[in-house]
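Asker: Sequence:
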Amino acid sequence: GAHGTLMPKVVQLLKEQGANDKLVIGGGVIPDDDIPALIEAGIAAVYTPGTSTSEPIEFIKANIKN
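Residues 1 to 66 in my numbering are what the sequence shown lists, from first letter to last.
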């Protein structure tokens, strides 16, 4: 799917603009086998169908910089 191209591209473009401090997360119908490559590309977390809405919320709260 497009997640393997688009999500790393977002991280790359942010880095090019000096926005390395941005927390990038993603989600959708993403095969489990694709998730490690996304994490390695700089995606902080990947959520798949069935994830509770509280899980990404708590992740963001725990990882944002004030």
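Be aware that a few hints might be false.
[Claimed, not checked] Okay, derived cross-link-like pairs now, BS3-like style, lysine-lysine, Cα gap no bigger than 27 Å in a straight line: (1) K61 - K22; (2) K15 - K61; (3) K65 - K15; (4) K65 - K9; (5) K22 - K65; (6) K9 - K22; (7) K61 - K9.
[Unchecked claim] Ranges of calculated distance between the beta carbons of each label pair, as one might list FRET restraints: (8) D21 - G50: 15 to 23 Å; (9) E58 - K22: 27 to 35 Å; (10) G50 - G18: 16 to 24 Å; (11) G50 - E16: 29 to 37 Å; (12) G50 - Q17: 17 to 25 Å; (13) D21 - P56: 17 to 25 Å; (14) A44 - G1: 29 to 37 Å.
Rather than coming from a laboratory, the hints here were simulated on the basis of the structure. These numbers were taken from a predicted model, which means no experiment stands behind them. Note that beta-carbon positions come from the ideal geometry of N, C-alpha and C, so glycine has one too.
Asker: Is the hinted range of 27 to 35 Å satisfied by the C-beta distance from E58 to K22?
Answerer: violated (19 Å)
Asker: Tell me if the beta carbons of G50 and Q17 are separated by a distance inside 17 to 25 Å.
Answerer: Cβ of G50 to Cβ of Q17: about 34 Å, so the range 17 to 25 Å is violated.
Asker: Compare the distance between the alpha carbons of K15 and K61 with 27 Å, and conclude whether the hinted pair is satisfied.
Answerer: holds (22 Å)
Asker: Holds or violated: K65 with K15, Cα cutoff 27 Å?
Answerer: holds (17 Å)
Asker: Would you say the C-beta atoms of G50 and E16 sit inside 29 to 37 Å of each other?
Answerer: The hinted range 29 to 37 Å holds for G50 and E16, with Cβ atoms some 34 Å apart.
Asker: Hey, K61 versus K9, does the alpha-carbon distance stay inside 27 Å?
Answerer: holds (24 Å)
Asker: Assuming the hint says 17 to 25 Å, is it satisfied by the Cβ distance from D21 to P56 or not?
Answerer: Holds, at about 19 Å.
Asker: Given the hint that K9 pairs with K22, does the C-alpha gap stay at or below 27 Å?
Answerer: Cα-Cα ~14 Å, so holds.
Asker: Range first: 29 to 37 Å. Now tell me if the beta carbons of A44 and G1 are that far apart.
Answerer: violated (19 Å)
Asker: Assuming the hint says 15 to 23 Å, is it satisfied by the Cβ distance from D21 to G50 or not?
Answerer: violated (30 Å)
Asker: Please work out if K22 and K65 have their alpha carbons no farther apart than 27 Å.
Answerer: With Cα atoms ~9 Å apart, K22 and K65 stay inside 27 Å; holds.
Asker: Given the hint that K61 pairs with K22, does the C-alpha gap stay at or below 27 Å?
Answerer: holds (13 Å)
Consistency note: the structure conflicts with the earlier hints numbered 8, 9, 10, 12, 14.
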